[in-house]
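A.B. asks: What follows is the residue order along each chain.
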Amino acid sequence: MLILHCPYCGIDAEETELAAGGEAHLKRATVGDSDAAFEEYLFMRENKKGVHLERWRHAYGCGKWFLAARDTATLEVYGTYPAQTQEPPQEVKDAIRAKHPGWAWKENA
Amino acid sequence: MSTRLSTGGRLINRNKPVEFQFNGKRLKGYEGDTLASALFANDQMMVGRSFKYHRPRGVVASGAEEPNALMNLNSGGRFEPNQRATTQEVYDGLTSTSQNHWPSLEFDIGAINQLFARWLPAGFYYKMFIHPRAFWKHVYEPFIRQSAGLGQVPKEQDADVYEHFYFFCDVMVVGGGVAGLTAAMEAAKSGKKVLVVEQTAAWGGRAVVDGGLIDGESTEAWINQTLAKLADMPNVTLRDRTMASGVYDHGYVLAYERLTDHLADKSGARHRLWRIRAGQIVTATGAIERPLSFAGNDIPGVLLAAAVRDYVVNWGVSVGDRTVVVTNNDDAYRTALALKKAGLSVPAIVDAREGGAGAIGAEAEAAGIRVLKGKGIAKVKGGKRVTGVAICSQAGEGAVLEEIACECVAMSGGWSPVVHLWSHCGGKLVWDDAKVMFRPDVDKGPTGADGKPFVIAAGSANGYLGMAEGLADAAAAGRAAAGVKGEGAPSATDAAEKAVAPVWLMPQGAGPKKRMKAWLDYQNDVKVSDVMLAAQEGYESVEHTKRYTTLGMATDQGKLSNINGLAILSKSLDAPIPAVGTTTFRPPYTPISMGSIGGSARGDLFQPLRRTPMHDWHDGNGVDWEPVGHWRRGYAFVRNGEKVHDAVNREILNVRENVGLLDASTLGKIIVKGPDAGKFLDMLYTNMMSTLPIGKCRYGLMCNENGFLSDDGVVVRLNEDTWLCHTTTGGADRIHGWMEDWLQCEWWDWKVYTANITEQLAQVAVAGPKARKLLESFGGDMDLSKEAFPFMEWREGKLGEFDARIYRISFSGELSYEVAVPASQGAAFWNALLEKGQEFGVMPYGTEAMHIMRAEKGFIMIGDETDGTIIPQDLNLQWALSKKKEDYLGKRAQERSHMADPKRWKLVGVETVDGSVIPDGSHAPAPGTNANGQRNTQGRITSTYYSPTLKKGIAMALVANGPDRMGETIEFQDENGGLIKAKIVDPCFYDKDGEKQNV
Amino acid sequence: MSNAVSALNGKVATANGVTVRDCGLQGMISMRGTFEDENFFTVLSHIIGLEIPDVRTIVSNGDRSVAWMSPDELLVLVPYADVNGIVAQIEEALQGSHFLAVNVSDARSLIAIEGAGAAEVIAKNVPVDLSAGAFGEGMVRRTRMAQVAAAVWCDGADSYKVICFRSVSTYVFDLLAQSAKDGLVGAL
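Residue numbers (numbering that gives the first Met the number 0), protein chains in the order written: chain B, 0 to 108; chain F, 0 to 998; chain P, 0 to 187.
Treat the hints as calculated values from the structure; they're not laboratory data.
Computed from a prediction, not measured in an experiment: that's the story for all the values here.
Misleading hints may appear alongside valid ones.
Said to hold, decoys possible - Once the Cα atoms are required to be at most 27 Å apart in a straight line, the calculated DSSO-like pairs of lysine-lysine come out as:
(1) B:LYS26 x F:LYS678
(2) F:LYS905 x F:LYS982
(3) F:LYS905 x B:LYS26
(4) F:LYS265 x P:LYS180
(5) F:LYS427 x F:LYS15
(6) F:LYS443 x B:LYS48
(7) B:LYS26 x F:LYS15
(8) F:LYS427 x B:LYS47
(9) F:LYS890 x F:LYS951
(10) F:LYS383 x F:LYS339
(11) F:LYS835 x F:LYS905
(12) F:LYS339 x B:LYS26
Claimed, not checked - Taking beta-carbon pairs under 7 Å as the criterion, some of the chain P residues facing chain F (in silico):
(13) ASN2
(14) LEU99
(15) VAL147
(16) ALA148
(17) SER166
(18) VAL184
Stated by the list, open to error - Ranges of calculated distance between the beta carbons of each label pair, as one might list FRET restraints:
(19) P:GLU136 x F:ASP919: 52 to 58 Å
(20) F:GLU800 x B:GLN85: 37 to 43 Å
(21) F:LYS484 x P:GLY135: 51 to 57 Å
(22) F:GLU885 x B:GLN85: 21 to 27 Å
(23) P:ALA131 x F:GLU219: 56 to 62 Å
Ideal Cβ positions, reconstructed from N, Cα and C, are used throughout, including at glycine.
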């Protein structure tokens, strides 16, 4: 059972306090966007075995959404960070690349 | 005969005799006895029968690894099957019965199976019971269920209570033997918070029985001193009778504490499941002795060698006067010496190794014990108990050299480290050829959130079977777990030992007849011949072989049999043991009670029940409850002699004629406030909410990004920057979360705050032609007249003595007010409504009446007309889709070709020609078949009721081109495969012009 | 007001030296605002008469307390009868700025757990380290209590408060009472 650090209230929260929210950094496509762009937004997911950027809500705690960089195979957590961002902060990228040189995530290379 | 010795038994208290029962016999034991030791003391050699052949089974081990001595314990609400006699402590009044026999343990009809053992080989069930197919259900399955199976399922509700406990520590040490205590002491000295758990009632593990000195003291003295020191340290918690059952991700451990299993007094929690988060886990879980595979190794009286000396030393019990020790290693010689010391006879030590043992061999011979080197057991003689053994050369095929009379055979096939907890979360193992064991691959432990290992194996669990090397390893493990440097360990000396020999079959050339009597898995009746047959039939994977032969399944999960079984498999496949590998170790280490997993979640605490402020009134006034999420809502309020549906019909007619009260407190109520609140709600709802004037209400729809309807409700504009959004009962938390998600993760620069105030308010729908009169009878400062308070507006003020906000909205089609008061006043307000409403014929009504009345009006219900694939356009709700807005959640999705397809089924009303009620979910067949050969359909029922107002069946349905087919008659299926004729009509069946609600 | 009754209506249960007790009607205001905005803190501090608490803490004086709930949410505890007046004062004082002050007194229940072993009774139900070193007086934790959301704080030696939603207050009370009845662990 996972423990993730909530970057808002500073709690190392166990999974039962959290709600999972799927892949992070989706770019909302909407009215005016092409079918392909909308399909990408609505349906296409990375589904990685390995480093994954994902959304979590500290549902039973402070109620805030945060993002986590986690290895889906080893469950190593490279860092958690606030949701109000378009890409992971540098220190999280560094932590990931220390283990996975050359790692890239979509356009957030 | 097995018997109690006149002296010895370090764990029993001879001053505290206890009386217990076995198969109805009253037997005596002592406090500190296990059920197994007490049964031996009473010469009860046979304790059960095996699973498949119903062979007589005796106790084989002295601890958690026991596969044979499984008991039904206690009775009634405390009945529990499959409990190990070797771990159950006796107490006054304990009752136990043996399993797997009929009519009795001594005489068992099922034992006839062993005569057919030749025809019941591996995979027998798969091969035999597949043909003819039709026989399975009525012939094979009932037969197998009768004859197979372990203990019985308890029939009564569990009389005990259970609980959980959350605990956090820096270092958790599993195992209270000398290695565990050493690791704990090293870790505790650093000041780190340490938890030590021991599965038995006695600390110290095997060390006391095995003897030797630690730091110059006897092991017993050293253990007691160390325990006392640890107990004194404020940062250390010690728990006995607590078994670490599993290690999970990120340092999560479950430990199972047995609080009252050993007591006659059963008050308080029976089991406590510790939910532990540990920074580092030290597994000092020891090692388990392996049996040897020789013919007749399952006859009662054949035990593990270490178990035989445990019974003598710990409980003062001898299994027999004469014990033949058979071994492939030095450790079993300790048993021979211990027996000698207790004054018992050891006619021979049969050592499979040509060279015999190290120093301890000479000691045994000096004690007058005959040591037969390079020899094995050809066969154990006896049926329900051992009478002797036939000796052969280990190298040969089993020609008998001599026979030795004995009552007990103490066997040792070497030791396997207990690597379960190490392995649960991914720790890897290596095969150690020299030590003939799988041991933890110390560089490949399970890793945690930081990518670093969080489990450290210590002592014999790490493959260090000698006392000195084990203590050194454990001290290092304790320091590593605490993250401190240092050196040193309690001192001990290990005598020079001769290496263990890999002996997987005895004699090595044993023929088929012997292999059919050489048991690997006692509990599941798996023999050497079964595993060989599996290999012959092409089973190469150890996991497949396990399932095919049942080797290592059931309650003991192969603690004794796995390594021996896979060694036989490896030999049969001619592949080295590490290439064959082990099966996966999964929690729990030994079975834990279902009760402990549930903890306090049973009875009234099984699930939280959400209560409205009026819950107790409902409960006391004939309510027929309907679960809605965790809420309980009144489905109807049944009066004396009424059927539920009569009550529903009465309630509806009363609303239509007089006035009714609905407890609507469960409806979601979310405050949305801020400069950008209007803009935000315009995105959330399909219709425009920013333009809603202050003081007014508007019905709104919400869709998800797929365009599908997700929720609906009335939105209220409270003031310039504040709205109140009503949601469905089930939608309150979900929609609040949905709002927060968008505000936190997408539009985080928008200035909007939300608050879920659902439970702050008690809400009552007061509906019916006399609703206004009823509310006016309260007095107060609000003008409730048609002119002053029009439809779809709200007012706030005093209603009598109640602080109220009133919304003039209607879900029933009648004149209706929804009144919200603070939840603390909800019960009083409800009572006041009932009291003042008496003269107006007031009655409460339930959710079913509410459902039917809204259907009579053609109003949709989220979850009935919608199922997660329905867009507003399907329900003719285009009027609620703002055309002025550039965007709203779901708008883009609704532009997709499939959503814009004119052939999508659309909502209509349906009236049966004969007035009957169509079954819910019924489909309307259409001519022809689809690509899969299935009958085409042209529509389905989404809501269907008997309308007491219209006195006939009414329904809502989604029908292809429905709105264009008004007046057409189509057919829906009934429950018996027949068809019901029904006319497509407008979904609004009642007061289409809204004259009733607008008065 | 005269009709107001707390959901648990004064329920009390005692076992093994631990008392679980309904605290009755308790005024509660949920405050949301920008913590970086100095004015927000100043105004609130002035009206309530208390300093604004740091992350995951609670400050109290007499019958008033303020608890940190999230990076933009505080819970203000005042006597039940004072709530509407204080909300009106806050609304007046913060007019023009972006905030939310809402009366949630009736939406929640306040339960006290007192006596030696109180921490263990709670620790049977929450995935939180409640040992004295980890969770001391003045600390607040929002968490999962068995199957529902709850906030817990320590307001003295062997004295804790739990806030849960009103609708599940019977569940939470019965859960804590049962946990007390089942015996103490002796590990915290």
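A.B. asks: Please verify whether LYS427 (chain F) and LYS15 (chain F) have alpha carbons no more than 27 Å apart.
C.D. replies: Outside the cut-off at roughly 46 Å; violated.
A.B. asks: For the pair supplied as a hint, LYS265 (chain F) and LYS180 (chain P), confirm whether the alpha-carbon distance does not exceed 27 Å.
C.D. replies: Holds. LYS265 (chain F) to LYS180 (chain P) sits at ~13 Å (cutoff 27 Å).
A.B. asks: In this structure, is the beta-carbon distance linking GLU136 (chain P) and ASP919 (chain F) contained in 52 to 58 Å?
C.D. replies: 57 Å, holds
A.B. asks: Would you check the hint for LYS905 (chain F) and LYS982 (chain F), treating anything up to 27 Å between C-alpha atoms as holding?
C.D. replies: 15 Å, holds
A.B. asks: Would the pair LYS26 (chain B) and LYS15 (chain F) pass a check requiring their Cα atoms to be no farther apart than 27 Å?
C.D. replies: Violated - the C-alpha atoms of LYS15 (chain F) and LYS26 (chain B) are around 74 Å apart, more than 27 Å.
A.B. asks: Given the proposed pairing of LYS443 (chain F) with LYS48 (chain B), does the C-alpha separation stay at or below 27 Å?
C.D. replies: With a Cα-Cα distance of about 20 Å, the restraint between LYS443 (chain F) and LYS48 (chain B) holds, given a limit of 27 Å.
A.B. asks: The hint says 21 to 27 Å between GLU885 (chain F) and GLN85 (chain B); measuring C-beta to C-beta, is that right?
C.D. replies: Because 23 Å falls inside the window, the suggested range holds.
A.B. asks: What's the verdict on LYS905 (chain F) and LYS26 (chain B), does the C-alpha distance respect the 27 Å limit or exceed it?
C.D. replies: 33 Å, violated
A.B. asks: What's the verdict on LYS339 (chain F) and LYS26 (chain B), does the C-alpha distance respect the 27 Å limit or exceed it?
C.D. replies: 79 Å, violated
A.B. asks: Between LYS383 (chain F) and LYS339 (chain F), is the straight-line Cα distance small enough, at 27 Å or below?
C.D. replies: 26 Å, holds
A.B. asks: So the hint says 56 to 62 Å: do the beta-carbon atoms of ALA131 (chain P) and GLU219 (chain F) match that?
C.D. replies: For ALA131 (chain P) and GLU219 (chain F) the Cβ distance comes to about 35 Å; the hint is violated.
A.B. asks: Given the hint that LYS835 (chain F) pairs with LYS905 (chain F), test it: the Cα-Cα distance must not exceed 27 Å.
C.D. replies: 44 Å, violated
When the structure is compared with the earlier hints, violations turn up for hints 3, 5, 7, 9, 11, 12, 16, 20, 21 and 23 and for no others.
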